[in-house]
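There are 2 protein chains.
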Amino acid sequence: MLHVIMLQRSTVIETTKLVGQEVLLKGWVHGRRDMGKLGFIDLRDRSGMVQVVLVPAELSSRGQEAMKDLRSEYCVAVTGVVKPRGEKQINPDLPTGTIEVLAKDIEIYNPSKTPPFDLTSDTRAINEEVRLKYRYLDLRSERMQRNLVLRDRVAQFFRDFLHKNGFVEIETPYLTKGTPEGSREFLVPARLHQGKFYVLPQSPQQFKQLMMVAGMERYFQMARCFRDEDQRGDRQPEHTQFDLEMSFVEREDVMSLIEELYVELIKTVTPHKRIQQVPFPRLTYKEAMEKYGNDKPDLREDKNDPNVLAFAWVVDFPFFEKAEDGGWTYSHNPFSAPKPEHREWLMEKKNIGDILTTQYDIVLNGFEIGGGSIRNHEPDALKKVFEILGHSEEDIQEKFGHMLEAFSYGAPPHGGIGPGLDRLVMILTNEQNIREVIAFPKTGDARDLMMGAPSEIEEKRLREAHIQIKK
Amino acid sequence: MLHVIMLQRSTVIETTKLVGQEVLLKGWVHGRRDMGKLGFIDLRDRSGMVQVVLVPAELSSRGQEAMKDLRSEYCVAVTGVVKPRGEKQINPDLPTGTIEVLAKDIEIYNPSKTPPFDLTSDTRAINEEVRLKYRYLDLRSERMQRNLVLRDRVAQFFRDFLHKNGFVEIETPYLTKGTPEGSREFLVPARLHQGKFYVLPQSPQQFKQLMMVAGMERYFQMARCFRDEDQRGDRQPEHTQFDLEMSFVEREDVMSLIEELYVELIKTVTPHKRIQQVPFPRLTYKEAMEKYGNDKPDLREDKNDPNVLAFAWVVDFPFFEKAEDGGWTYSHNPFSAPKPEHREWLMEKKNIGDILTTQYDIVLNGFEIGGGSIRNHEPDALKKVFEILGHSEEDIQEKFGHMLEAFSYGAPPHGGIGPGLDRLVMILTNEQNIREVIAFPKTGDARDLMMGAPSEIEEKRLREAHIQIKK
Numbered sequence: 001m002l003h004v005i006m007l008q009r010s011t012v013i014e015t016t017k018l019v020g021q022e023v024l025l026k027g028w029v030h031g032r033r034d035m036g037k038l039g040f041i042d043l044r045d046r047s048g049m050v051q052v053v054l055v056p057a058e059l060s061s062r063g064q065e066a067m068k069d070l071r072s073e074y075c076v077a078v079t080g081v082v083k084p085r086g087e088k089q090i091n092p093d094l095p096t097g098t099i100e101v102l103a104k105d106i107e108i109y110n111p112s113k114t115p116p117f118d119l120t121s122d123t124r125a126i127n128e129e130v131r132l133k134y135r136y137l138d139l140r141s142e143r144m145q146r147n148l149v150l151r152d153r154v155a156q157f158f159r160d161f162l163h164k165n166g167f168v169e170i171e172t173p174y175l176t177k178g179t180p181e182g183s184r185e186f187l188v189p190a191r192l193h194q195g196k197f198y199v200l201p202q203s204p205q206q207f208k209q210l211m212m213v214a215g216m217e218r219y220f221q222m223a224r225c226f227r228d229e230d231q232r233g234d235r236q237p238e239h240t241q242f243d244l245e246m247s248f249v250e251r252e253d254v255m256s257l258i259e260e261l262y263v264e265l266i267k268t269v270t271p272h273k274r275i276q277q278v279p280f281p282r283l284t285y286k287e288a289m290e291k292y293g294n295d296k297p298d299l300r301e302d303k304n305d306p307n308v309l310a311f312a313w314v315v316d317f318p319f320f321e322k323a324e325d326g327g328w329t330y331s332h333n334p335f336s337a338p339k340p341e342h343r344e345w346l347m348e349k350k351n352i353g354d355i356l357t358t359q360y361d362i363v364l365n366g367f368e369i370g371g372g373s374i375r376n377h378e379p380d381a382l383k384k385v386f387e388i389l390g391h392s393e394e395d396i397q398e399k400f401g402h403m404l405e406a407f408s409y410g411a412p413p414h415g416g417i418g419p420g421l422d423r424l425v426m427i428l429t430n431e432q433n434i435r436e437v438i439a440f441p442k443t444g445d446a447r448d449l450m451m452g453a454p455s456e457i458e459e460k461r462l463r464e465a466h467i468q469i470k471k
Numbered sequence: 001m002l003h004v005i006m007l008q009r010s011t012v013i014e015t016t017k018l019v020g021q022e023v024l025l026k027g028w029v030h031g032r033r034d035m036g037k038l039g040f041i042d043l044r045d046r047s048g049m050v051q052v053v054l055v056p057a058e059l060s061s062r063g064q065e066a067m068k069d070l071r072s073e074y075c076v077a078v079t080g081v082v083k084p085r086g087e088k089q090i091n092p093d094l095p096t097g098t099i100e101v102l103a104k105d106i107e108i109y110n111p112s113k114t115p116p117f118d119l120t121s122d123t124r125a126i127n128e129e130v131r132l133k134y135r136y137l138d139l140r141s142e143r144m145q146r147n148l149v150l151r152d153r154v155a156q157f158f159r160d161f162l163h164k165n166g167f168v169e170i171e172t173p174y175l176t177k178g179t180p181e182g183s184r185e186f187l188v189p190a191r192l193h194q195g196k197f198y199v200l201p202q203s204p205q206q207f208k209q210l211m212m213v214a215g216m217e218r219y220f221q222m223a224r225c226f227r228d229e230d231q232r233g234d235r236q237p238e239h240t241q242f243d244l245e246m247s248f249v250e251r252e253d254v255m256s257l258i259e260e261l262y263v264e265l266i267k268t269v270t271p272h273k274r275i276q277q278v279p280f281p282r283l284t285y286k287e288a289m290e291k292y293g294n295d296k297p298d299l300r301e302d303k304n305d306p307n308v309l310a311f312a313w314v315v316d317f318p319f320f321e322k323a324e325d326g327g328w329t330y331s332h333n334p335f336s337a338p339k340p341e342h343r344e345w346l347m348e349k350k351n352i353g354d355i356l357t358t359q360y361d362i363v364l365n366g367f368e369i370g371g372g373s374i375r376n377h378e379p380d381a382l383k384k385v386f387e388i389l390g391h392s393e394e395d396i397q398e399k400f401g402h403m404l405e406a407f408s409y410g411a412p413p414h415g416g417i418g419p420g421l422d423r424l425v426m427i428l429t430n431e432q433n434i435r436e437v438i439a440f441p442k443t444g445d446a447r448d449l450m451m452g453a454p455s456e457i458e459e460k461r462l463r464e465a466h467i468q469i470k471k
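Chains V and G are the protein sequences, given in the same order. Per the working numbering, the very first residue in the first sequence carries number 1; after that it's consecutive. Per the working numbering, the very first residue in the second sequence carries number 1; after that it's consecutive.
FYI, nobody ran anything at the bench for these hints, they're computed from the structure. Any given hint might turn out to be false.
[Unchecked claim] Only pairs whose alpha carbons sit at most 30 Å apart, straight line, appear in this in silico DSS-like list of lysine-lysine:
#1 G/LYS460 with V/LYS384
#2 V/LYS68 with G/LYS383
#3 V/LYS196 with G/LYS383
#4 V/LYS339 with V/LYS384
Being a predicted model, the structure only gives us computed values, none of them experimental.
Full structure from sequences and hints, please.
Next comes the structure, spelled out in structure tokens:
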């Protein structure tokens, strides 16, 4: 059987073009049926599935031994000859349903214990804690593989589109300083600096603005963002966004570029989906609240059509909101610019509740899938925002001094947006939960059941990091 | 001047094709010279630089006011007419040296304080702490912008090449569980689980192997890797690698794919570079140590030629090394497979010091730029490694139980590599330090001087994370 070694591997899907030829296939036993002395296995690889016929008399002695052992999820190499199926045996539901492979030799790479759940049915019906613990088995299902492949295609489309439009992808640090505003952040003790901490960024907001100060003009990054918030169905401690920022632009420039991006994305990656309305409808925050009672309305006319996509923009949010303590807080992002016609109110700190921000949110089928704004690039005007938010002069210098300093060296007008990847891919795959489109998600209480994270850490390592557990 | 508003922005480099036309340029004042009533500014944007001539009589009244103020690094919009230069005024060193722009109007977007260092000369001569504090100014230099753009092109080439070869990019978590082996890891206290911690991954090693168990067959990821080690010149607390893994492969498959990747990369992205020898020479660890005294030899025949690239592979490393405590430790990666001919020695735990690993390192001009191996996909054999390393049965189950469990469900033979991005781009840009090719690097003692990280954190936030500082 020396010739076996010389054969190059074919993928399962290629077999239909190799009728009459000897092929070497590698993959997993998806299922097995026996009929008397004959055996049939469905052999699965990333490309699909094919029927392999096991006839002892046709098999090498190693193959005959293997035939006795073979069970579901065994990892094997099969050498065999591709045969056309008889008219009646053709399976129109299977892309390889016109052929089968008569096995000559089988090598078992690795046996498999019985999986804790059935991989051949829809795993969404399985208890999710079990799925997450054995995620490497759950990901073997065709649906999960398709979801991850689509996620990659969406990401690659974003990258190609942005590169074509003159953007440069630039990585920014994950060990950084916290923003005292916004969501709760994860802390990372600094071993080399006792009593000090890095934080994991909620987004690259400050870095991307500093990139504009640096004259990069068009930056993007597929960025991981970290938020230590109590988890909800569509929240994870880490999520991914296509963070981008542009110089010398107004609101309309960013919105039209992003609209073009989504329209082209759908055409290219999920052409079976239909965008309900182009250009995307635009609602003011006030209209959205009055008409739909929320600021991410689901505008689909036919909610039963799984292939309709109702994009919309929501704009003209109030910049400031009354805080619980009676002072002012910001509605979206303190680094945003107010609408140009409200700049004077900001500078004079009057009509504060009426100042509108340049914020634009993009909404799809009732989910917010991204948000951004034109930024406040004038240090004096930005300082007014922090004053309205109740920060003392000293506080402003300590927390935002580096940004105000940066903006005093000829910062350009700039703006951007951060389209999320998780929710978008969830909608495009018709899934109900972002965990279905993330390879290794965490549970609702932020545990990784497969790896066993978070976990206890040896005393010695805590000491090195200059921390101890507070009981 | 209403027509000004209607003009679309041109980039500086486009002006040479717009002679006689009115253009709108946006960018920064790179420098200014005055000759009597005439002024000249070099206007810089990401595309390059152009000379703008200021003649008061030609300028709008706003332009005349601006002309009085304009200084280096002011951010401006200039409207003007592109004029050919006289024969004698042509500057052959400047891509736009055949033309100049006679300004009609100037808008100052943002003034600039005097920068703390000269941005027009080679900033490598400047004190690095000052450069890092004002990184957003340092990045305005042509060299730094070119470095970041090349980094993006290299990354995009990797992605395109791997996609073409059937790889899927898949994101893995940054909040995970530690590997008790390897470098020191950064800790992240878990707010929802008192006394427990996530760690930031040294690499996606375990996840990428679990992806192979999951049947993804060809995975890659441009992954951030975190190591809390004492810093050296070419180390950073976070670095980037193109992590990849393939199923059903042997050492030769991975090495030849990666060799093709680097050869094509150089041809495409830095065609002015010359690879000294293709196929890349291969050295055993023993040969490298005997002949060069180290395992990442610089094989360049002409070390004065800045455009020569001497790639090489180093293979056949010992799997185990004697540890300080007299036991065994591993040289590279405990998850590697031994060379096939030494598998029996591993299973019988004999000739331990002579067992060679399937590890392959790729070396370029004296730097290790990537390393990988064929993995040990058989749970019994992997367990032998941990036994040799001195782990108790209980210890093995606690620390590696999830991997051994995963491998018992038909794990395929697999292997991979993790080509680093930082050092590669450093070499391709002829830089001496990886900080020159990272947008926002940290100092030797892991501080971010621009953001002020790490920093002190309010008591309240430490309490939420269930930790306190150990004095």
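Against the structure, the hints:
Between G/LYS460 and V/LYS384 the alpha-carbon distance is near 27 Å, which keeps this suggested pair within the 30 Å criterion. Restraint check: the Cα-Cα separation between V/LYS68 and G/LYS383 comes to about 27 Å, which is no more than 30 Å; the hinted pair holds. Between V/LYS196 and G/LYS383 the CA atoms are separated by roughly 39 Å; this puts the pair beyond 30 Å, and the hint is violated. Our distance criterion of 30 Å between C-alpha atoms is met by V/LYS339 and V/LYS384, whose separation comes to about 15 Å.
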